[in-house]
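Protein sequence lines, in the order shown, are assigned to chains Z and Y.
For the first sequence, numbering that gives the first Met the number 0 assigns the number 147 to the last residue and increments by one with no breaks.
For the second sequence, numbering that gives the first Met the number 0 assigns the number 193 to the last residue and increments by one with no breaks.
Hints are computed from structural coordinates only; laboratory data are not their basis.
Note that this is a predicted model, so its numbers are computed, not measured.
Hints are supplied without guarantee of correctness; some may be wrong.
As a list, the in silico DSS-like pairs of lysine-lysine whose alpha-carbon atoms are at most 30 Å apart [said to hold, decoys possible]:
1. K70/Y - K139/Y
2. K53/Z - K64/Z
3. K53/Z - K70/Y
4. K143/Y - K74/Y
5. K186/Y - K53/Z
6. K139/Y - K185/Y
7. K70/Y - K98/Y
8. K74/Y - K53/Z
9. K98/Y - K185/Y
10. K65/Y - K143/Y
11. K53/Z - K185/Y
12. K41/Z - K53/Z
13. K70/Y - K66/Z
14. K65/Y - K66/Z
15. K186/Y - K47/Z
16. K41/Z - K143/Y
17. K53/Z - K131/Y
18. K70/Y - K41/Z
19. K131/Y - K98/Y
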Amino acid sequence: MRHIDYQKRVSLLVDGALEQSSVDELLAHLEECAECTRAYEKMMSLNKALANVKPSLADRSLANKVKVRISGESNSAGYAWNFSLLKQVPIWALIAILAVGVGDMAGKTLTEALNSYDTSHNLENLIQDNGESLTDVLIDFGQSENGR
Amino acid sequence: MGRFEDLSDQELIIAARGGSEHHFGELVDRHTTLVYRVARSITGSHEEAEDVVQESFLRAFKNLDKFDGSKSTFKTWLLTIARTQSINIVSSFRRKALKFFSDHDEDEPELEFASNPLSQEPLDAETQLSLKRQCHAMDKALKKLPERQRTALLLRSQESLSYDEIAIVMDISVSSVESLIFRARKKIIELVER
Ligand SMILES: [Zn+2]
Chain Z
0 MRHIDYQKRV SLLVDGALEQ SSVDELLAHL EECAECTRAY EKMMSLNKAL
50 ANVKPSLADR SLANKVKVRI SGESNSAGYA WNFSLLKQVP IWALIAILAV
100 GVGDMAGKTL TEALNSYDTS HNLENLIQDN GESLTDVLID FGQSENGR
Chain Y
0 MGRFEDLSDQ ELIIAARGGS EHHFGELVDR HTTLVYRVAR SITGSHEEAE
50 DVVQESFLRA FKNLDKFDGS KSTFKTWLLT IARTQSINIV SSFRRKALKF
100 FSDHDEDEPE LEFASNPLSQ EPLDAETQLS LKRQCHAMDK ALKKLPERQR
150 TALLLRSQES LSYDEIAIVM DISVSSVESL IFRARKKIIE LVER
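Same shape as in the complex, but just chain Z (with noise of 0.2 Å):
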């Protein structure tokens, strides 16, 4: 094997992830190869010199601004929750409120109902054609438009 390879056994070595059969056997080549110790020891002092390095956060204040982003989220969640509620609504009640809400259709058709909710006059407001139809009102339009 080479010396590398026995390197790459001293990195799991140091993370203590080589199998006892293979440690025996790095232990021994270690005993006689001075550059294969080297880079063993190297890799230990990196590993301490590592966990020093590590930066850590001076305060909570970002684990709490977490949590407040957390609860408004849960918050709106909750909205989206009571909405879904109104999925389970049997629906023997919608009809009943639907009903209701239409109870000044009594003793019509649904037709009549719909017919009788006269929009000509909605329309005469917006446009006061003096008897005309609204066609007559728009070739006038574009007449007075084009004598300019």
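Since chain Z is already given, all that's left is putting chain Y with the ligand on it; use the hints.
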């Protein structure tokens, strides 16, 4: 605070799925620093790491019902989310454009280093300075590593994740984790000795 200390992550998740944001809050308290460190090591930016922490927890909270405890721990699941978020930020066009027009690295606040186990005893000024130098040399060397090597190494050496856990977080095989960590160590030793 501290009401849920005795509960495992799994127990907290069950309660959080039942609608308790306080239980989820305990998970936030437990893992914020870890997620921050991973995000910071990938993005190299304090501000971006803070954004990643917030987005990652928010995603985890929204997708809590998708978490499968038989496939991973909450910690590895959360780190997977955080790593993806961090990589997305780093590779975003907006980020590249910003980096191109102004180098923000200069404005980064100093890292707050974890306490040295030896620092129970007061350190003299000279030791403090040499420790600080060591930290900065190490930080500089870490930044020169490819992201995959750096993340694998830090998850192992700083966060004590097992090779199996790292493989889950990075979505690679255990033998790839071994190889990334080995190459990272060799490279850092080379860089620091230079
Ligand atoms: Zn050797």
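State the violated hints by number, sorted upward, taking the hints as numbered earlier in the document. Numbers 1, 7, 10 and 18 - these are the hints that the structure violates, sorted from lowest upward.
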